[in-house]
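Trainee: Given next are the chains, with one letter for each unit.
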Amino acid sequence: MPDALMSLQALNAHYGDFQALYGVNLTVEPGEVVAVIGANGAGKTTMLRSIAGLLRNAPEAIRWKGQPIGALRADQVAALGIALVPEGRLLFPSLSVEENLVIGGQLGRKGPWSLQRVYDLFPILKERRNQQSTSLSGGQQQMVAIGRALMANPELVLMDEISLGLAPVIIRQIYEALPGIVGEGLTAVIVEQDIAKALSVSQRVYCLQEGRVSLEGQSQTVPREEITRAYFGV
Amino acid sequence: MDWLNALLQGTLLGGLYALFAAGLSLIFGVMRLVNIAHGDLIVLSAYIALSFGVSLGLNPLAALLLVVPTMALIGYALQRLILNRTMGEDILPPLLVTFGLSVILQNALLMGYSADPQNLQAGAIETASVNLGPLAVGVMPVMVFVTAIGVIAALQWMFYHTALGRAFRATSDRQDVAQLMGLNRAHVFGLAMALSLAVTALAGVFLGIRTAFDPAAGGARLIFGFEAVIIGGLGNLWGTLAGGVILGVAQTLGAKIDPGYQILAGHIVFLIILALRPRGLFPRIDG
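Chains as they are written, first to last, in the working numbering: chain A, 1 to 234; chain B, 235 to 521.
Hint data in this document are derived by calculation from the structure and do not stem from the laboratory.
Here the structure is a predicted model, which is why all the values come from computation and not from measurement.
Beta carbons: idealized from backbone N, C-alpha and C, even for Gly.
No false leads were slipped in.
What follows is a set of in silico ranges between Cβ atoms, one per label pair, in the way DEER data are often shown:
1) A:V169 <-> B:L510: 46 to 52 Å
2) B:D410 <-> A:V169: 28 to 34 Å
3) A:E127 <-> B:H421: 32 to 38 Å
4) A:D120 <-> B:V371: 56 to 62 Å
5) A:G108 <-> B:L315: 27 to 33 Å
6) B:L315 <-> A:N12: 30 to 36 Å
7) B:Q390 <-> A:G88: 26 to 32 Å
8) B:S285 <-> A:G108: 40 to 46 Å
9) B:D410 <-> A:T221: 35 to 41 Å
10) A:Q9 <-> B:A454: 56 to 62 Å
11) B:D410 <-> A:E226: 33 to 39 Å
Far from chain B, by Cβ distances over 10 Å, these chain A residues were calculated:
12) E29
13) A58
14) S137
15) G138
16) G139
17) Y175
Please construct the entire structure, taking both the sequences and the accompanying hints into account.
Mentor: The structure is reproduced here in structure tokens:
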């Protein structure tokens, strides 16, 4: 069997004495969208932070095209072609909207995404390009955060709770843009609390519960009651 | 007319203080590092220029071509090999390490160069002056002041119009997210310290031409630099120039009243501004 694009092999993660992940196994094949769902505190964000190199305590457990990458710094992981849209957006407040996007592409990786393509996807950002990023609405800030990750021309994009705290109309807008984003051979891992949204855009789904994988299946066929059980543990 | 002259000399002296301060302001802005050894690094630059002068027969102004890159290299190495190991959420460990570095530098200079005061000989330009009506303006102080304006304008431009400046601002905002953009924090910090010490090299050579220096001269320069930064407002480069000028003018006017008041007058003005405007005269608005 050829190597997956990215895989987690018995990933454990700790914050000091607290263990947040217990032996998580997950694979991502090229071109697919994988959803990871789970309640607050299930370890979803910890998992993404581990993959992105922000949390480094499992050197062997994270593999990129078969090679272990768990010991790499975040900037080295980014250079491999893995981009994270962090929870809470975390834009750079002293940079303008356009500078936030440009810095996302500063590694100079080749690919379909450019400033112009991001502006085509989210036209409002072009109008606001010279504003401070913090002066935008939450939804617009999320568009910047997504655009910033795309500007890196990644092979794998990790999206952490991109609908959190946004108005339903904005969430719909962002999720309508997703197929256009992942249609270009881009692979994505999408972490969501909104189960319906997560299932609608993904091919496969994992559910995390208290740091363990409680369910793995095809997004379109996995029975809803199984998801409910895996999600809430009842 | 004497008072006007004192005002002019003080303003020009402010250029030197702005050069002391710009390097401090830069590294505090990028990485929240308070560099207690900054004054000693200024003095180190003067001694390096002295050594180049002795060994290669270079005029100190020509030696700048060597001192600036030497100090930049020292800055990068210092940051990567020592200071980066101490950087984290807590700003105290790096502060203590730079304090230790200050002690080490002073004693190393004492061993290498003795406690005798030294001076950098720049030749006729040191005493050259031009007459502006009744006022005589020294060429050297004007050159220092113009250099300070040039350095601050260049730093300002670098910060807001180059990829390096963008990387500095992003790292200053959110270090971990900047890493996600592919920026190696350790390298970015190294570049910031290299740039800071390159400016320090200019300050040290101008200091050595202006006055005698010895291995213990760094402490006062650190204080003048700090005062200029805080008067101008933390993180504001042009404010730093204004802070330097205010400090310089306060000192020369104080000296005009009584030569013994020179340093004290500067400290008193600093204290008054700190009491009335704790964030400085021109605090940074964003962030």
